[in-house]
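A.B. asks: Sequence:
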Amino acid sequence: MLGLPDTPGVYIQRSDRSGAGVAVVRTDVTGFVGLAEKGPLGRPVRVETMRQFAALFGGYLGGAYLAYSVRAFFENGGRRCLVVRVADDDPAVGAEAASRIVLDSGGAPALEIAASSPGSWGNGLSVAINPAWRAETIVVDPPVTATALTVPATGTFAAGQLLRVSQAGSPPQYRILAAVDPAARRLYFVHPEPALRRPTEAPLTALQPAVPLRIERLDYDLAVARDGLPVSVHAGLGLVAGAPRYIGDLLQPLVPDRDGVLPSAPPPIAVTVMERPATAVPLPLDVVAGVPLPLSGGRDGLAELAPADFKAGLAALEAQREVSILAVPDILIEPLRRPTLPYSPPAEDPCPVCPQPVPPAEPLPPPAAELPPRFSDEAIGEVQAAMIEQCERLRDRVALIDPPWRAVHADAVGLGLVQAWRSRFDSAFGALYLPWLAVPDPLGLAPTRSIPPSGHVAGQLAATDLATGPHKAAANTPLGWAQAASLAVDAAGHGLLNGAGVNVIAARDGRPLRILGARTLSSDPAWRYLPVRRFVSMLRRALDGATQWAVFEPNSAETRALLVQSIGIFLESLRRGGALAGDRPADAFRVRCDESNNPPSARARGELVVDIAVAPARPLEFILLRLGRRDDAFELAEQGALAVESVGAV
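Residue numbers (UniProt numbering): 1 to 650.
In short, the hints are calculated from the structure, not lab data.
No residue lacks a Cβ here, since even glycine has one placed at the ideal position from N, Cα and C.
Be aware that one or more of the hints could be misleading.
Okay, the calculated beta carbon distance ranges per label pair [to be verified]:
| no. | residue 1 | residue 2 | range |
| --- | --- | --- | --- |
| 1 | GLU572 | ASP257 | 35 to 41 Å |
| 2 | GLU572 | ALA488 | 43 to 49 Å |
| 3 | LEU250 | ALA210 | 38 to 44 Å |
| 4 | TRP133 | LEU229 | 24 to 30 Å |
Make the full structure from the sequences, and use the hints.
C.D. replies: What follows is the structure, given as structure tokens:
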């Protein structure tokens, strides 16, 4: 009932319980699994630009395609992807972060400084630690023992800071500042409130009266360099937990949140404060100001990489509901080793004045980069089968399948290897694209490098989804960042592959490279086209999210009518946008939720069923969805394809 306001006028109040209706969900987000120079391992990280990828995961590698594929994704219109870096996790030979232990002045381990993520990249890091004595004050006539001192000014002193208290002729004492009273100008070494005291608090002892007492705050400035070049500076860091700039908080390892978002690009290092007795006060670090401390022990974890590592990366993407496309280009890696070039000898001085000094020893060559293995067909097929299995189980994403290099390079004989690879799969949730694509190589090892096409395809799928929707085929649009195809497929071969459900990328009639197919790997004609499969997946996700309001609602005619109304409005908007075939709503979709499919026996069991039939724009076939409520949850099941004439009065 409308509440009557005090001011005269016309007021509208929403009275139905159906919520805000059904909204189209995003289908353009790609999940990439692969190898990277650095970055979190086994965790999805959201990336929205290539610059962001480089900051989080590093640059291009001879032993990985991931950076190339992500760039191809963005160059072809992609806007957001989730990236999972994988590596071998064996403790002996797997990925490890470069690190170094820093001792305190008593010889005990105080800090572990490590690269922010595993990998040999961290072996190029060094850290210079500079002690900084700040916020100095002097007490002219101290007592012999003190739990607190009155000082000329409290300045920037704050609770939790490490202090050095010293007098001429006596060893310094180190205390943690317990509390500060700026009004009374008091520094407390033992908290005035007994309930707030910590085990580390202790009074100053053995002070000399009439000898000035110096009180200083100890901070540290850290300067981080990579390969001798400065990359970051972290100033005013403290060693005590609870201090305003505690090193263990400001430089703790960053991990993505549940949505795969890092709060910021992580600093190059992470610092762990070593455990110490509960009553121990930290001692100053045993470091020489300005002297770099190199990190060591970093490993990439690639030599023993296995299919299980890629499948673990795929598993990390399962909970990410926004992912609609899967790509794993690095399971097909053809690793390239960067050549080690000899150092040029120093040029001789053409005008020597003094005898030439003894030439210095030649520098040691850098260690060879760790490369992944070249995987067998069985290993590649195992990972790609896992991609399709996840898509079939979740039913909200599709897998982009790349063919092995040996099947699509210029010297490959015929199309037999391609057809054999295609015969491994029979699923509407996978699509195979070929051949590989030559892209400019930023590494400079060659003018171009051939990479699997999944990154380019994912970018075009994303761009088409954002511009029109998943019902439109991502095809016949020039590919960005692609110079050539690894294999030229003629018209006859194209026809053969298209009939087998293989999507060809080719240049025709002097035009740029384009995707010239939009088929799935399914033998079922109802699911032959990738846009149909992706459109129905979008429909499932949209309806699943938009009908949750009906859970626990009475299974009444009113509830059923509200469901039919909200779903019908949504489907009509899709028809008007070109996603559904038919000039009239009746030709494009049917929604039924009445006594015929909800008999009293089903309602008594707490069940509610909505039958939805839709005709995707291509091909002109009906796909039947059944939306059902059982007790406290809605379930959406696909009932397959129906010919138009078989739908009847649904």
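A.B. asks: For every hint, state whether the structure bears it out.
C.D. replies: Here is how each hint holds up against the structure:
Taking 35 to 41 Å as the suggested C-beta distance range, the pair GLU572 and ASP257 conforms, at roughly 37 Å. Between GLU572 and ALA488 the C-beta distance comes to about 45 Å, which sits within the given range of 43 to 49 Å. Distance hint check: the CB atoms of LEU250 and ALA210 are about 41 Å apart, consistent with the given range 38 to 44 Å. The hinted range of 24 to 30 Å is satisfied by TRP133 and LEU229, whose Cβ atoms lie roughly 29 Å apart.
In summary, this structure violates none of the numbered hints.
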